[in-house]
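On the provided structure of chain A, position chain B as indicated by the hints.
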Amino acid sequence: EPEVTQTPSHQVTQMGQEVILRCVPISNHLYFYWYRQILGQKVEFLVSFYNNEISEKSEIFDDQFSVERPDGSNFTLKIRSTKLEDSAMYFCASTYGTGWNQPQHFGDGTRLSIL
Amino acid sequence: DQQVKQNSPSLSVQEGRISILNCDYTNSMFDYFLWYKKYPAEGPTFLISISSIKDKNEDGRFTVFLNKSAKHLSLHIVPSQPGDSAVYFCAASLIQGAQKLVFGQGTRLTINP
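Protein sequences, first through last, are from chains A and B. Residue numbering for the first sequence is 1 to 115, as defined by my numbering. Residue numbering for the second sequence is 1 to 113, as defined by my numbering.
The set of hints was computed from the structure by calculation and includes no laboratory data. Mixed in with the good hints there might be a few duds.
Said to hold, decoys possible - Below are the DSBU-like pairs computed for lysine-lysine, each with C-alpha atoms no more than 35 Å apart in a straight line:
(1) B:54 - B:5
(2) A:57 - B:71
(3) B:5 - B:68
(4) B:56 - A:57
(5) B:5 - A:57
(6) B:56 - B:5
Said to hold, decoys possible - Computed far set for chain B versus chain A, every beta-carbon distance over 10 Å:
(7) 8
(8) 10
(9) 13
(10) 16
(11) 17
(12) 27
(13) 28
(14) 30
(15) 56
(16) 58
(17) 63
(18) 66
(19) 70
(20) 81
(21) 112
(22) 113
Owing to the predicted nature of the structure, the values given are computational and were not obtained by experimental measurement. Ideal placement from N, C-alpha and C gives every residue a C-beta, glycine not left out.
One chain only, chain B, in its complex shape:
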């Protein structure tokens, strides 16, 4: 099941710079997209979401961009901080029904001092 893909297993960014995490999806029916952050031995923590009627959503240092024609979304973190080091999961769902989440494989982000 490759409906949601995060092609970069890892990303290393200098503190203070911008981190850009990418996610692609294949199911054009998806209309709700979310980013979760996960520390070791903890569950995924919700970060930010976007509906398919928008192309950008911003919350503090986090911005999610959605390009429906390319079936691509990205998460921008600026400025990156050491506490941002974690695994980031992209997830997608249909807004109707049970809204089961379909997850990508995750990208491990490391912020270097």
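The shape of chain A in the complex, shown without the other chains:
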């Protein structure tokens, strides 16, 4: 069964450094998402992306965050200047379409640790 893949599985970065988290969504999917889960807290929506543009973003997704689909397969999340509070699990998700019976499929996540 096709799956969403995320790399790296664990990223350790110094505070203030830039980090790029990578995702390869399921190949025929058209809608892409990033979520994060801070340890002990809920999974939170960050951003959705469709047709090469952001369709919705949360309050968390400020100017330090950006997303890109640089080619036909990858979907990236960049954090320009990381902060301690950016430490979390970051999940990428994708779906073919929106509507009922179009659930989002998640990758296994990247654990981001900011030192």
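Okay, now just chain B, sitting in the frame of chain A:
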């Protein structure tokens, strides 16, 4: 943000019995509800969903019930199996637009032999 709540952080059930996981929501605009299962070091895996025009959806051992007037949904697993031990997340979204998911806190289900 307490739009979706799972009030039971954990649940322990004997193998073969029924597991019932509960979820409440406050936003009456939500019209699509999903359950995800999560093992450690893995991402959430989609289990089953229900639209707001239905009150029940069944898929094998899993059934989701939706009570719109009470803003409550539940997931029934019967019979429960050891492999069902995981964290279960309830999520909700609006069917229109980007369909961002709003998650509950999760319930850790343990199936005892």
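Evaluated hints:
1. B:54 - B:5: At roughly 21 Å apart (the allowed maximum being 35 Å), residue 5 (chain B) and residue 54 (chain B) satisfy the hint.
2. A:57 - B:71: 26 Å, holds
3. B:5 - B:68: Cα-Cα ~15 Å, so holds.
4. B:56 - A:57: 31 Å, holds
5. B:5 - A:57: 22 Å, holds
6. B:56 - B:5: 20 Å, holds
7. 8: Non-interface label stands for residue 8 (chain B): nearest chain A Cβ at 15 Å, farther than 10 Å.
8. 10: About 14 Å separates residue 10 (chain B) from the closest Cβ of chain A, which puts it past 10 Å; holds.
9. 13: 23 Å, holds
10. 16: Given a closest Cβ separation of 28 Å, the condition holds.
11. 17: 27 Å, holds
12. 27: The claim holds: residue 27 (chain B) sits with its nearest Cβ about 14 Å from chain A, beyond 10 Å.
13. 28: 18 Å, holds
14. 30: Non-interface label stands for residue 30 (chain B): nearest chain A Cβ at 13 Å, farther than 10 Å.
15. 56: Holds: least Cβ distance 14 Å, greater than 10 Å.
16. 58: 14 Å, holds
17. 63: Holds: least Cβ distance 17 Å, greater than 10 Å.
18. 66: 13 Å, holds
19. 70: At roughly 21 Å from the nearest Cβ of chain A, residue 70 (chain B) sits farther out than 10 Å, so the non-interface label holds.
20. 81: Nearest chain A Cβ is 20 Å from residue 81 (chain B), so the label holds.
21. 112: Its Cβ never comes within 10 Å of chain A, the nearest being 25 Å, so this holds.
22. 113: 28 Å, holds
In summary, this structure violates none of the numbered hints.
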